[in-house]
Amino acid sequence: MKSVLKEVEAWREAGVITDDVAERIRAYYRDHENKGNSRLTIAFGILGALLVGLGLLLLVAHNWDTFPKGIKLTFAFLPLLATQGVAFVLIKRDRDSAGWREGCATLLTLSIAISISLVSQVYNINGDLAKFLEVWMILSLPVIYVLRSSMTLLLYVAGVTWFGLFGYEELWRTPTTHAIQLTYGILLIAALPWYVRLIRTKPGTTFTCLGHWFFACSVTLVIGTVAHEDWRWLGPAYVSLFGIFILLGQSDRLSGTRLIGNGFLVLGTTGTLALLFFLTFDDYWKTIGQLPIARLLPREFYAWCVLSGIGLVLLMARLSKHRFSELHGTELAFLLMVPITFLGFSHAGLAQSLVNGVVLMVAVATVWQGATENRLGRMNVGLLILTALVVCRFFDTNLSFLLRGIIFMAVGAGFFAANFWMVKKRNAHR
Amino acid sequence: MKKVVFVALAVMILAQWAVPGKMIFDTERTLRQGDTFKFEIRPLDPSDPFRGKYIDLNFEVNPFIADSTLRIQSGQEVYVQLAKDERGFAKITGLAVAEPKNLSGVLKTRVNFMTKFNRQNGQESHANYVHFKFPFERFYLEESKAPEAEQVAWRTDTTHVHTFYAVVKIKDGLAAIQDVMVNDRSLADVVRELNKKGSASH
Chain A
1 MKSVLKEVEA
11 WREAGVITDD
21 VAERIRAYYR
31 DHENKGNSRL
41 TIAFGILGAL
51 LVGLGLLLLV
61 AHNWDTFPKG
71 IKLTFAFLPL
81 LATQGVAFVL
91 IKRDRDSAGW
101 REGCATLLTL
111 SIAISISLVS
121 QVYNINGDLA
131 KFLEVWMILS
141 LPVIYVLRSS
151 MTLLLYVAGV
161 TWFGLFGYEE
171 LWRTPTTHAI
181 QLTYGILLIA
191 ALPWYVRLIR
201 TKPGTTFTCL
211 GHWFFACSVT
221 LVIGTVAHED
231 WRWLGPAYVS
241 LFGIFILLGQ
251 SDRLSGTRLI
261 GNGFLVLGTT
271 GTLALLFFLT
281 FDDYWKTIGQ
291 LPIARLLPRE
301 FYAWCVLSGI
311 GLVLLMARLS
321 KHRFSELHGT
331 ELAFLLMVPI
341 TFLGFSHAGL
351 AQSLVNGVVL
361 MVAVATVWQG
371 ATENRLGRMN
381 VGLLILTALV
391 VCRFFDTNLS
401 FLLRGIIFMA
411 VGAGFFAANF
421 WMVKKRNAHR
Chain B
1 MKKVVFVALA
11 VMILAQWAVP
21 GKMIFDTERT
31 LRQGDTFKFE
41 IRPLDPSDPF
51 RGKYIDLNFE
61 VNPFIADSTL
71 RIQSGQEVYV
81 QLAKDERGFA
91 KITGLAVAEP
101 KNLSGVLKTR
111 VNFMTKFNRQ
121 NGQESHANYV
131 HFKFPFERFY
141 LEESKAPEAE
151 QVAWRTDTTH
161 VHTFYAVVKI
171 KDGLAAIQDV
181 MVNDRSLADV
191 VRELNKKGSA
201 SH
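In order, the protein sequences belong to chains A and B. Going left to right, the first sequence walks through residues 1 to 430 as my numbering numbers them. Going left to right, the second sequence walks through residues 1 to 202 as my numbering numbers them.
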């Protein structure tokens, strides 16, 4: 940077740029440097707090027999007291240093775990891991809002997800109370206001992008715990969930985010495609074909209905702002799966063929959009989907080798032709 | 605005102290004022990612034969009436779904699972067996001591010479472990002695 400033000074002296322009360039770099420093402070503040907090947790886990109860309990509350004190000072002085706030909030969140852990250890209080995580997260929730900490939001979502995963254990109990699933839902919703605020005020920042990934992964991992009577309904339920993710990822607030930071879009698209490919095989349709009609209404079925309903509302909202031709195809898959699944009860083979049709539609739509929007990457993704579909059918159809060979050659030629056409079009444009 | 943040901070701090504080208050009260029961046990050695090493107390008093008319489910909260057997160890004499009026010698616990079949000392029997999940199944030890404690337990189990039990205080349905004993000596002392002997022989 110093060399740039030297150059600026030289240009100014040589009369290449005016004094005003030189000052503006200097101000730009000063601002740029400050931003970089502040980011570094936040990163090191959080890293330091995480390491100290985790180190303290490990010291606690050693369980010092030689210390009397009073000293152990003092150690249990010391980190809590210290971090709460720092939090008080930060709020009182109104110091808006993100590094301090994030570091203090991270350490405070870990201090809560330390205090509960040490007290349970000293008194041999049972409490299973799920209960511990639940109490820890409930007590950590206010830290997000009081200290305006996005790092705590991420820790909180991770903790709540870990707690929610215990719902799978709950499934083995009869009758299942679904208490964990309900608590998980409430706890996750409780963090939403801060997450929405992050999206509104700081779109595209590291914390916001990580937030997209954490929320998307959390719901994907835990939604399976609604399974109770018939897991076969979970397949369509997941297709609807991924449909919602795609629509959220394409919403006005998130669509500007770079792809790697758009967890909803990436997870939704890969999830939808993976599930659709799975459904192009006959394994699933063989089992759903045997499903008695009397068992149409298990809990998973309702989950599917609710998710599809939410997806439909989001789709309508998208269509109110965009033309139908602007849709990518993947976001329509969940809606097409509704009649196809119902058809699967009586006509499993037809349903399977229709899913193949849906994948084909997604592939063609992606190729078409890539071609019209002059995006080589997208066009090739579409062609890859098409190739994958052909490869899948290569294994389970009774087509003759001659026909399969011709299809493969046709797809390969399509690849060449499409890319050649696109490059030629770009060159002509230049 | 700042006032609201301060109030929120105060409520947050209060809650963060209240939860562990309540845990301490309840347990201290039970330890000081509770009735003493001795539960025969056999320990194992798992570990908790947050709270470190502990021994898992496997109670000999489990399972209990319940009346076949009793309607209970796994995970349900129940009240068990405790008494002492001829050797002075705790035994379950009754099981109730509703909270009894007199809580003397009553433990609030949860049903873990139910079976119709049980095998004990090589003998099979059929009845309405209820297995409980007691609220005092963990005993925390210093990191190095938990595996040693398990060794002590298995040694005693094979020779059938020692008795291994947990001293539990119970008051108003709540329970707290006071100590884990081997032959009327604290397990921590026995393990400490073992460690000393081990280092002396080296």
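Derived by calculation from the structure, the hints in this document are not laboratory data. Among the clues, some could well be false.
Unchecked claim - Distance condition first, Cα-Cα at most 25 Å in a straight line; then the derived DMTMM-like pairs of lysine to aspartate or glutamate:
#1 A/69 to B/124
#2 B/116 to A/170
#3 B/91 to B/172
#4 B/108 to A/169
#5 A/72 to B/179
#6 A/72 to B/193
#7 B/38 to A/169
#8 B/22 to B/193
#9 B/116 to B/77
#10 B/133 to B/193
#11 A/69 to B/189
#12 A/72 to B/142
#13 B/101 to B/77
#14 B/91 to B/142
### Query
Holds or violated: are the alpha carbons of residue 108 of chain B and residue 169 of chain A at most 25 Å from each other?
Holds - the C-alpha atoms of residue 169 of chain A and residue 108 of chain B are around 23 Å apart, at most 25 Å.
### Task
Sort out whether residue 193 of chain B lies within 25 Å of residue 22 of chain B, counting only the CA atoms.
Violated, because 35 Å separates the two Cα atoms, which is more than 25 Å.
### Query
If you draw a straight line from the CA of residue 133 of chain B to the CA of residue 193 of chain B, is it 25 Å or shorter?
Not satisfied, since the Cα-Cα distance of roughly 32 Å exceeds 25 Å.
### Query
Quick one, are residue 69 of chain A and residue 189 of chain B close enough, alpha carbons at most 25 Å?
Holds, because 17 Å separates the two Cα atoms, which is no more than 25 Å.
### Message
So if I understand the rule, the pair passes when the alpha-carbon distance is 25 Å or less; does residue 72 of chain A with residue 193 of chain B pass?
### Response
OK: residue 72 of chain A and residue 193 of chain B at ~23 Å, within 25 Å.
### Query
Quick one, are residue 72 of chain A and residue 179 of chain B close enough, alpha carbons at most 25 Å?
Holds, because 17 Å separates the two Cα atoms, which is no more than 25 Å.
#### Entry: Holds or violated: residue 101 of chain B to residue 77 of chain B, with C-alpha atoms at most 25 Å apart
16 Å, holds
### Message
Please verify whether residue 91 of chain B and residue 172 of chain B have alpha carbons no more than 25 Å apart.
### Response
Roughly 18 Å separates the two Cα atoms, so the pair holds.
### Query
Taking 25 Å as the top limit, are the C-alpha atoms of residue 116 of chain B and residue 170 of chain A close enough?
Holds: residue 116 of chain B and residue 170 of chain A sit about 22 Å apart, inside 25 Å.
### Query
Are the Cα positions of residue 91 of chain B and residue 142 of chain B separated by 25 Å at most?
Roughly 30 Å between the alpha carbons, so the hint for residue 91 of chain B and residue 142 of chain B is violated.
### Query
Is it true that the CA of residue 72 of chain A sits at most 25 Å from the CA of residue 142 of chain B?
13 Å, holds
### Query
Is the hinted pair residue 116 of chain B and residue 77 of chain B satisfied, with a Cα-Cα distance of at most 25 Å?
Measuring from Cα to Cα gives roughly 20 Å; hence the hint holds.
Going down the numbered hints, you'll see the structure goes against 1, 7, 8, 10, 14, while the others check out.
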